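Keeping their order, the protein sequence lines are chains E and A.
Per this note's numbering: the first sequence = residues 1 to 440.
Per this note's numbering: the second sequence = residues 1 to 440.
Just so you know, these hints were derived from the structure itself, not from any lab.
Do not take every clue at face value.
Just so you have them, the derived chain A footprint on chain E, three or more residues with Cβ under 8 Å [claimed, not checked]:
#, region
1, 32 to 46
2, 142 to 150
3, 291 to 297
Chain E is nowhere near these chain A residues, computed Cβ spacing over 12 Å in every case [stated by the list, open to error]:
#, residue
4, K142
5, L188
6, G189
7, A221
8, D410
Just a few of them, taken from the derived set where beta-carbon distance is under 7 Å, the chain E residues facing chain A [stated by the list, open to error]:
#, residue
9, Q278
10, P301
11, R334
12, M408
Treat the numbers as computed from the prediction; the structure is a model and nothing was measured.
All C-beta atoms in this analysis are idealised placements derived from N, C-alpha and C, irrespective of residue type, glycine included.
What follows is the residue order along each chain.
2 protein chains.
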Amino acid sequence: MADALKIGIAGLGTVGASLAKILVERRDMLTTTCGRPIEIVAVTARDRSRDRGVDLSGAAWFDTAAALAGTADIDVFVELVGGAGDPAHAAVKAALERGIHVVTANKALLAAHGVELARLAEKHGSLLNYEAAVAGGIPVIKALRESLTGNTISRVYGIMNGTCNYILTKMEKEGLTFGACLKEAQRLGYAEADPAFDIEGNDTAHKLSILTTLAFGTKIAADDIYLEGITNITIEDIRAAADLGYRIKLLGVAQKTDTGIEQRVHPTMVPLDSVIAQVDGVTNAVAIESDILGELLMVGPGAGGNATASAVLGDIADIAKSRPGAQTVPALGRPASALAPYRRAQIRKHHGGYFIRLSVEDRAGVFAGIAGHMAENHISLESIVQRSKHHTETGEPQTIILVTHATMEDAVRKAVKSIEGDGYLTGKPQVIRIERPKSA
Amino acid sequence: MADALKIGIAGLGTVGASLAKILVERRDMLTTTCGRPIEIVAVTARDRSRDRGVDLSGAAWFDTAAALAGTADIDVFVELVGGAGDPAHAAVKAALERGIHVVTANKALLAAHGVELARLAEKHGSLLNYEAAVAGGIPVIKALRESLTGNTISRVYGIMNGTCNYILTKMEKEGLTFGACLKEAQRLGYAEADPAFDIEGNDTAHKLSILTTLAFGTKIAADDIYLEGITNITIEDIRAAADLGYRIKLLGVAQKTDTGIEQRVHPTMVPLDSVIAQVDGVTNAVAIESDILGELLMVGPGAGGNATASAVLGDIADIAKSRPGAQTVPALGRPASALAPYRRAQIRKHHGGYFIRLSVEDRAGVFAGIAGHMAENHISLESIVQRSKHHTETGEPQTIILVTHATMEDAVRKAVKSIEGDGYLTGKPQVIRIERPKSA
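Just chain E, with the same shape it has in the complex (with noise of 0.2 Å):
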């Protein structure tokens, strides 16, 4: 039997502390598994009073993930500490300099400093492993990296924020409002204090933006993403999005277009029969679209301590089964040196069909005002719906929603913006890109 694997852990938060769990009740299995044993030989952590459910007295304890990823005896030093910048950040370089391989969940820091830790991974012959900082326990990473090699992307995209997705189903299947989700959200631990980095799509972002230099080859672009949260979607959206055949999810979507790479976090429009649509509550999902495969959807749980230290677990097992120093995947799917710039596409350019809700006074000419903007920016309809809210009265403000067929947005903004001058809106339009899967 080969030697065993020697790991530091720093950070026994919830993943942190379920990890190692996990390697002592399991070693026997995982010495099976991997042909040796996976032994943890130093750990650090904020506090090391705290019963963690597991013994680990026999390994040594260090005072910062600097010191042990800089000092302690290991093969691999796994980052569990989180956040973009230090400790993490050089703790990772640390490692990495030393030739010792990496395993994080740090999504944050990837984003922010991928393309320098490949780098560096590279030159000194580590590997760096991911898979739990992007949709979790769904192997996404390893999908991109490893089983689609040779594929051109075209697109890839999914639902990678649990907290949006339990809010936008909760809305729909039990008519409340978004405020009122999003406290039910916070009471179950599924939304932080401050839900901002959540609902506002920014956790989203951090992850599309690995997605983007997997799937296109591109230097990581994470402060060059389009971004709308959801917290201006209403029960009438949702509504009226199931009405014509659809449901709103909060998608992240990395896109090749003609003039560059499209990389959008929105509320987003999926037809009601697809795949994607049925992906409720916490659970995540990422569909990829490329050229030999076709469409690969993956479903999944995208956080909580198990599922991230089970992706944590793969990593470290993929290291364990290889003799040391003996696999070459880069990073980030190619040498970092083969990573061709990021050129945005901008996303008045994007292509798609949108739906618009519009709340406009009762009166004439409303209606043939609205479709004189949308010819005059050449802008054909899939559907129209009119709708009084007391359908008695005359009056009263009514809802007019408008599906587009595939149109450019610089054309829908005109619209809009045409719209609003002629005065007869009551309250903010509603716009909303409806997405498709290839095959729907």
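Got chain E; can you put chain A on it based on the hints?
Coordinates of chain A only, in the frame set by chain E:
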């Protein structure tokens, strides 16, 4: 740059030709991603002169797969000949015995000889990769063999035969008979002239036997699978299923129970609002339920030259990215010597819900008789629907549909037998098992 990876391809049919084309046309891209070129140095095919849209004049042509595997100067032997026996079997053995890595898409070969081949691969330090053998382009082998390492798996199930799923989808969407849909599938090339292997479930069983081994660490037992095809499914079943909130799919299911492992392939009712119920047409899907990760579902193309070639290419790329002789992933997820014997759970002991459709004479006491036999066997019912074909006439045969709560199959069989014994059935009873995702 490392030396080129030299591959030999046996079999230049649809998949082989597609693979060869991709390897030649994307040589530069693959060289960048894998860190070294992949070169086709040897091939064998029945017809040398056929135009396959790719120039293979630089490769050595062998007369037989065995000659190629046994003598060519190659690093990887790609077996695309097919079939459980020779020439595929002998050729793969010859390659492994020479310490050459093998990539194959051959489910029949693995179902019949997988353990023997895994043992050979281990003994000689070769890799045996077969992502394409199950569910085509869906990376389910990688998920089970690598990503889920350390998880204890409780159930793996899926739609693994595109022909059957196409027929069932078309029956439901267009209200056509099984026979009509089968003919259409044959016309479109989705079904063979002799469709028995697909529609009777054998193809699914082969694939399931491989997943069972990876999931539960038991020896492959492809001949020990409970099998029911889809030929008896009628439009009435499909409609009744829809009315009750279910859809019928041919599933392969492997499940750990107290008495052993269930391996079964049969038409199955899945909840209409589950994700897997939305998987339409020739698309495949595989779900894996495990204790750490939770539920993972993967959906994608299960067949076709390109999707299969993509999976084969991913397997080759995994080898190209490692240094020669460096990786030690055991072929069946753990060393062949660590595989446990397969212990079959009896289907009569299966525990689950059942859909039972009965055609009965329209006379007094029938309903009470049926209810009585259910009660005698301690079967509790989720729903009962009684329907006349012509609502206004009496004396016409009636349809009674029962959906049971989870119960033992043995009880259901006894109850149905007693009902048959009472003599008022006007046709053969239909019994379909219900399968629920863990989360449903």
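A quick look at each hint next to the structure:
no.: 1; hint: 32 to 46; verdict: holds (count 4)
no.: 2; hint: 142 to 150; verdict: holds (count 7)
no.: 3; hint: 291 to 297; verdict: holds (count 6)
no.: 4; hint: K142; verdict: violated (6 Å)
no.: 5; hint: L188; verdict: holds (16 Å)
no.: 6; hint: G189; verdict: holds (16 Å)
no.: 7; hint: A221; verdict: holds (20 Å)
no.: 8; hint: D410; verdict: holds (33 Å)
no.: 9; hint: Q278; verdict: holds (5 Å)
no.: 10; hint: P301; verdict: holds (4 Å)
no.: 11; hint: R334; verdict: holds (5 Å)
no.: 12; hint: M408; verdict: violated (31 Å)
Violation of the numbered hints given earlier is confined to hints 4, 12; the remaining hints are satisfied by the structure.
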